[in-house]
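Assemble chain L onto chain H, guided by the hints.
Chains as they are written, first to last, in the numbering used here: chain H, 1 to 287; chain L, 1 to 287.
In short, the hints are calculated from the structure, not lab data.
Be a bit skeptical, because a hint or two may be false.
With a straight-line cut-off of 30 Å between C-alpha atoms, the simulated BS3-like cross-links for lysine-lysine are [said to hold, decoys possible]: (1) H:K18 / L:K125; (2) H:K188 / L:K125; (3) L:K18 / H:K170; (4) L:K18 / H:K18; (5) H:K125 / L:K188; (6) H:K263 / L:K125; (7) L:K125 / H:K125.
Now for the letters of each chain:
Protein chains: 2
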Amino acid sequence: MNKICSGDEETRKVYASKAPIGIFDSGVGGLTVARSIVDLLPNESIVYIGDTANSPYGDKPLSQVQIFARAVADELARRDSKIIVIACNTASAAFLADARKRYPVPVVEVILPAVRRAVATTRNKRVGVIGTAGTVASGQYARRFREVDPSVDVFSQACPQFVPFVERGKTTGRQILGLAEMYLEPLKEAGVDTLVLGCTHYPLLAGVIQLVMGDDVTLVSSADETAKVVYRTLSERGALAEHDGRHASAACKSFESTGDPQKFANLATRFLGPDITSVAQIPRLLR
Amino acid sequence: MNKICSGDEETRKVYASKAPIGIFDSGVGGLTVARSIVDLLPNESIVYIGDTANSPYGDKPLSQVQIFARAVADELARRDSKIIVIACNTASAAFLADARKRYPVPVVEVILPAVRRAVATTRNKRVGVIGTAGTVASGQYARRFREVDPSVDVFSQACPQFVPFVERGKTTGRQILGLAEMYLEPLKEAGVDTLVLGCTHYPLLAGVIQLVMGDDVTLVSSADETAKVVYRTLSERGALAEHDGRHASAACKSFESTGDPQKFANLATRFLGPDITSVAQIPRLLR
Chain H
1 MNKICSGDEE
11 TRKVYASKAP
21 IGIFDSGVGG
31 LTVARSIVDL
41 LPNESIVYIG
51 DTANSPYGDK
61 PLSQVQIFAR
71 AVADELARRD
81 SKIIVIACNT
91 ASAAFLADAR
101 KRYPVPVVEV
111 ILPAVRRAVA
121 TTRNKRVGVI
131 GTAGTVASGQ
141 YARRFREVDP
151 SVDVFSQACP
161 QFVPFVERGK
171 TTGRQILGLA
181 EMYLEPLKEA
191 GVDTLVLGCT
201 HYPLLAGVIQ
211 LVMGDDVTLV
221 SSADETAKVV
231 YRTLSERGAL
241 AEHDGRHASA
251 ACKSFESTGD
261 PQKFANLATR
271 FLGPDITSVA
281 QIPRLLR
Chain L
1 MNKICSGDEE
11 TRKVYASKAP
21 IGIFDSGVGG
31 LTVARSIVDL
41 LPNESIVYIG
51 DTANSPYGDK
61 PLSQVQIFAR
71 AVADELARRD
81 SKIIVIACNT
91 ASAAFLADAR
101 KRYPVPVVEV
111 ILPAVRRAVA
121 TTRNKRVGVI
131 GTAGTVASGQ
141 YARRFREVDP
151 SVDVFSQACP
161 QFVPFVERGK
171 TTGRQILGLA
181 EMYLEPLKEA
191 GVDTLVLGCT
201 HYPLLAGVIQ
211 LVMGDDVTLV
221 SSADETAKVV
231 YRTLSERGAL
241 AEHDGRHASA
251 ACKSFESTGD
261 PQKFANLATR
271 FLGPDITSVA
281 QIPRLLR
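Next up, chain H with everything else stripped away, as it sits in the complex:
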């Protein structure tokens, strides 16, 4: 298999601290991961590619997802990414092993960071995982749990209808509540004390999921955990961008899609955080 950007000179170049962090997903979900990375590393340049022309990955055969994911990651490698983040559970399941061989830069994905956190937080060794049909069918979570802590019992549940609700901004109301109750009932019956949100869209449903599961169940977001692994990986390699004294947001954050850019931009706003519709100074409330 040919490495992209292999060779000593190129390797040094892509490790250069000013090189961007390359992130991809089938669509907008990975933006929750991108945002967590920007939170922790505001001075880094970011290139994000949403492969919306081929989205969603979640209901496609893994062999096909592997081909799509490789094409996008190759593009990130061509842009001299110093690290490649597979910000998509389905693509992680399909493409990680291949990617680690293919690129000279570190490849971080979203499954193992979440599994490690869940192993660290569960007390009764019963952990739930929710994700797309593709992620659950891949068995990747169950496999990783066996590697990290074979004593953990893993209960998986596909939640195929969650993503469209998130993308429509419908995170409240009877429909989503009923859907969450239906999907999560087997996990409640199994008595899990920790639940991995195994799809990058799901952190935006944490309100209804926590409501249904009850307060005692700890939700694990792969977005936050993955961002911390990116921080550690770049830090250990001395590959973090220097703080150059400018305003943090001066570092370039580029978001690209293979499909309709306007639709992508609209959804991206929802995933990256609220626009500030107004900022005003109000009078001192006390004198």
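Only chain L this time, still in chain H's reference frame:
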């Protein structure tokens, strides 16, 4: 003590589902809480007030913080907030009991949600708490842990230098790493397996904090936990905004400060998430 907006008619009015969620902090830190709330409840109107004219609260006597916090919360009540979120650990410590008596709407703060999550995740019953000098000196975290689970040993550490680093966007490099090592060493020596980020700025330092504490320690963010409590509280009261079919961000998100609005707006961008500097469509990578 006079209630603001008390009385049956007013109470109904402020519970109306279209009323805003009122959120305040001494400055920008509470925006991490606001963002988590917007994530889970994109259709809600938000009024956020940063009391930057009196910021920071963290190093002032609690009696003075109580007076400042009351003035800001009164303003949120006057705006018909259907719930008031004290998105500031120091103000929570100083003002919660007073606020619960003073307003007819629910008051949510950031300490108890984080304490409950930490109690649910710790396995060795040794929990660390980091915060401002004011928050740590108040003893509020230790008190809440005693109420929720007296068998938990709590180890607190003030980290007064963290906030300026976050606000300058300096989340990497030798200085912040050295500072984190110095502050966190006693908590590592105490063998905590869970660490509460007891200041709304600290989620943006989760990278360096996780690096220093090691992967086995679970970080608890009060921002995420508080947002889920807001979701549950409004849901239980039937006070959630209806999804009206418009784009989610159509709901008004107003951010106001009592001090310099431009400085506030610059920092707000950092806390609310990245601006999209460019959105582009790239060619399909595979045909």
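Against the structure, the hints come out as follows:
1. H:K18 / L:K125: violated, 42 Å
2. H:K188 / L:K125: Given that 30 Å is the threshold and the Cα spacing comes to 25 Å, the pair holds.
3. L:K18 / H:K170: Holds, at roughly 16 Å.
4. L:K18 / H:K18: Measuring from Cα to Cα gives roughly 46 Å; hence the hint is violated.
5. H:K125 / L:K188: holds, 25 Å
6. H:K263 / L:K125: violated, 47 Å
7. L:K125 / H:K125: holds, 17 Å
Hint violations for this structure: numbers 1, 4 and 6, all remaining hints satisfied.
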